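Chemist: One letter stands for each residue in the lines below.
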Amino acid sequence: MYQILVCDDDKEIVEAIRIYLSGEGYQVIAAYNGREALEAVHNETPHLAILDIMMPEMDGLRLTGKLREEGYAFPILFLSAKTEDTDKILGLNIGADDYITKPFRPLELIARVKSALRRYTTFGSLPTEDTAQCYTIGGLVINDETKEVTVDGDPVRLTPTEYSMLLLLVQNRGKVFSTEQIFSAVWNEPSYGADNIVAVHIRHIREKIEINPREPRYLKVVWGLGYKIDWQG
Amino acid sequence: MKRIIYSGVTKTVLAFTLIFCCCVAMHYGFLTLRAPVLYGSTDSVYETKQYSELFSKYVERTAVYVRYREDGYELSTLDVDSELALLLNGEVTDDDLETALFNVYEPNETAFYYYHAKLNEEPTNYQYYVENTQTGAVYASADFEQYAVEKSGSLEAFLTSGIINENIYLILNTENNRTMTGGGNNNVLNRSTLLWSMDFLRRPLDEMAEDLHYDYNYHISDDSSHTSDKDHLESVSNIEPTPTPAASPRLNSEITIEEGEMRVELVSSEQPNGTYLLYAFVADNLVKDDFTVLSENISSAKSDFNNGLQTAIYYGLFSLFLFVISNLLSGKKSTEEGIHLHFYDRIFAEFIIAALLVWFSLPYLLWHIVSNRYWETSVTQFLTDYPNYSQWIPFFHGCLILFLFVSGILYFSLIRRLKAKTFLHSSLLGRFIILPLGKLFRYIGKNLKELYHFLPSFGKTLLYLGGGLLWFAAAIALFLFNLTIPALVLLILGIVICAILCLRNMLDRARISESTAQMSVGNLSIRIPTKSMLPSNKNLSENINQICDGLNSAVEEQTKSERMKTELITNVSHDIKTPLTSIINYIELIKNELPQEGAVAGYAEVLSQKSWRLKALIDDLVEASKAASGTMSLDLIRFNAVELLRQAVGDFEERLTEQNLTLCMEVPETPVNVLADGACTHRIIENMLSNVCKYALSGTRVFISLDLPENTGLALLTVKNTSASVLTKTPEELLTRFSRGNDDRSGEGSGLGLSIAESLAELQGGSFYIETDGDLFKAKLTIPLA
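The listed protein sequences correspond, in order, to chains A and G.
Take the first sequence: its position 113, counted from the start at 1, is 113 in my numbering, and no numbers get skipped.
One rule links them: number in my numbering = place in the second sequence (from 1) + 1000.
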């Protein structure tokens, strides 16, 4: 039974989140401003916090900063109406683990909560062992021996082509591959223009490994240059 | 009405009427003017010059004839000279022959016969009676006695009564040198003829022949020129004129004339050949002769004058009226406004005027030629013998009409120019001298005006100049007074001041021009440093600085307002999103609580969809506002546009397939490196493709091409598709915010996609535009090449 702190100045939103999370079997601690949330963290032991950024008394950013300062390591998810990239980057840099924009899809919220919790509880403590056969990036694990791919522990079924493409990117974490490079590496033949097949496959991979394919966490696009695998920017 | 007045028919009729009236007026005018020439101001025919000249001629003939008879010439009644016969038949003009006979006098039979024939053979009303009072010899017209008896009962009574009715007459007594003339006017006989006749009667023929210069033109008081008469004489007579003394001393010293009384007295008469009593008069119309013809002419001229004057005046006035109307109508046309010009109205006006002058001098020249050719008298003769020439009248009228017609054409050409105000322009003088001069004067005037306007600053300049000159004049003056050192000091000081001022001015100008150059390229924060500038330059700089301040604040204001607008939209979007979050969440909850099937579940689904659409709209709105205000920060990098296109298109492939759209791509195989923001470019392409998915006709092809138009430095991406609905809007309308291909707003899309694309494209230095061609929809994006 994980305890999740939900803090938002809009009581209805807190209530709705509480309903969803209770449905998934989580216990919800509700707070309606930054100070209340801080007190709740001090009094209870939440395993995860969902915080609004714009709140009275103490805003989400300052609260996060304070919590991290005080040494709390549990995952913090921001839930904000601010959709700017700068806001997202700022939030993640200050110590948050994920950034969800309002309005959100309940299922996505639950998925992200689950993902964060699993990483925190299962892998977060474990040192990531990057052996020749096993690659771990965030919640994404690829075992090249068994050809198994899991995201936050859930197995993902990929086609052989998709698997080779993912493996190529994962083996070269952070390196940008152009479509031509990916094509020639995977199909072992030079590409002759006018083919969107790589882009289509990338899209399919994303749909399988990402919670929200439009806001990918792992498989990122660098427009005009190519694709890369990285974790949270 | 206007159409009728300005029609060609009206004008033609008017022209012909005008010419006709002019002809009539001139014809009658001629007749009217002829009368005074013929008979002056006299009422009686006997008092006219012509009549008295004719009478004088007969008197002269009588004198010569009597002289011949006195000298013993007798009528042989035998053969008449052939020349004389010709003369008598009127083949040779009287005047020519008689002048010859008179002037080249040599007593001969022919002359005698001529005079005899003139006086006694031809039918005439002229009656004469000459009596030599010494010998008693009498020479008289054949029917003189009969006439005298008829008039006064007897010859004696007739002669003594002296006065022969009101007719013209002359009684001449060479014994006492008395003369008596009748006809109501003292000037009926001209004095020269009278003297000549008296002298002739008294002297022998031979002597007269010697004194050749006692000619027909026996001039005492007459001023008419001799030379022309003499020349003429020669040509007619073919006889060498005998050299003659310049004047006749005898006569000139002997004759005294008392003005007014017509009395001639010979002071010392040298053995007169005889004394004569001469009666001469013109009888009442007995036969048709020169006198009656003259009389008829004069009376017809008189009636012409009475009748013709009125007609001439009426027609003249009417012509004037028509002329005025013609001037008004000239150049007007019913079909066009303003003045219609003919082709010959563009000929230089001087030519037309010259032609008009020549044309008008033509009648004068003709008249001059005619009067030179014939005697001056024959012109008068022409007038006198008008009835004889009347068969020429149609010819004269024709000439007159032609004359009027041509002068009308020339004249109205000038009038049309005046009316159309092209006279100056169409004249040599106007076009090449007056108009250029006018332009020059206007130009000078304008400049003078401007100079006057800026006179204060002009005055200032003059003041400076004057001051400088005075300074140097002072220096020169010092030189003149041999004060070399002060002069040098003054001069050098002046030069130094000048140099400093010039240098200062140059520096100021350099500063101003540098700063304004920067301002012109948009650097509005720059200001011209006005410190230590010359006053006038400082003034100018401060003005420029103020303009720049104004511009700067306006631009700042604009940017600020744009930013505020964006901020407002962003903040509002946050505030909307919070309640929207609750709505979406609770709709989800409702959906979870409800059974999967049923009407209410359907309603909940609609609510869910629409609330997500609301979210999309808000996002688009924020983005559009940011893109338009330029508050977005771009990260320009160099990348391959083909790669980007593949990535973007790959994302859309499935959506296109869902819409049953076939994709045809045509991109270069080599990388196309552009300098742009990748995410931003992707967003544009995404919007273009999303637009295709929404509005393309299902089952058609979509063409995407990437070209490199030459010399533009841009990559051109074109997306072409067939529109599902009719494109009723113009490309400009389609690009405005919230505009959609079809106006019903229920469909997906915010209507901001293309507008955002346009703003973003412009932000990264490219452009985005739309072309439509029937159902073909083309979206074009240009990206600057790296």
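In short, the hints are calculated from the structure, not lab data.
It should be emphasised that the depicted structure is a prediction, and the values quoted were computed from it without experimental measurement.
Hints may be right or wrong, so weigh each one.
Claimed, not checked - List of simulated lysine-lysine pairs, DSS-like, C-alpha gap at most 30 Å:
# : chain 1 : residue 1 : chain 2 : residue 2
1 : G       : K1610     : A       : K208
2 : G       : K1446     : A       : K82
3 : A       : K228      : G       : K1626
4 : A       : K11       : G       : K1591
5 : G       : K1049     : G       : K1002
Chemist: The structure should be examined with respect to each hint, and the outcome stated for every one.
Modeler: Structure-based check of all given hints:
Of the pairs offered as hints, the one joining K1610(G) and K208(A) holds, with about 27 Å between alpha carbons and a cut-off of 30 Å not exceeded. Taken as a hint, the K1446(G) and K82(A) pair is broken in the structure, with Cα atoms around 68 Å apart against an allowance of 30 Å. The suggested pairing of K228(A) with K1626(G) holds, with an alpha-carbon distance near 29 Å, which does not exceed 30 Å. Using a Cα cut-off of 30 Å, the hinted pair K11(A) and K1591(G) holds, with the two alpha carbons roughly 21 Å apart.
The suggested pairing of K1049(G) with K1002(G) is violated, with an alpha-carbon distance near 58 Å, which exceeds 30 Å.
Violated hints, listed in ascending order, are 2, 5; each of the other numbered hints is respected by the structure.
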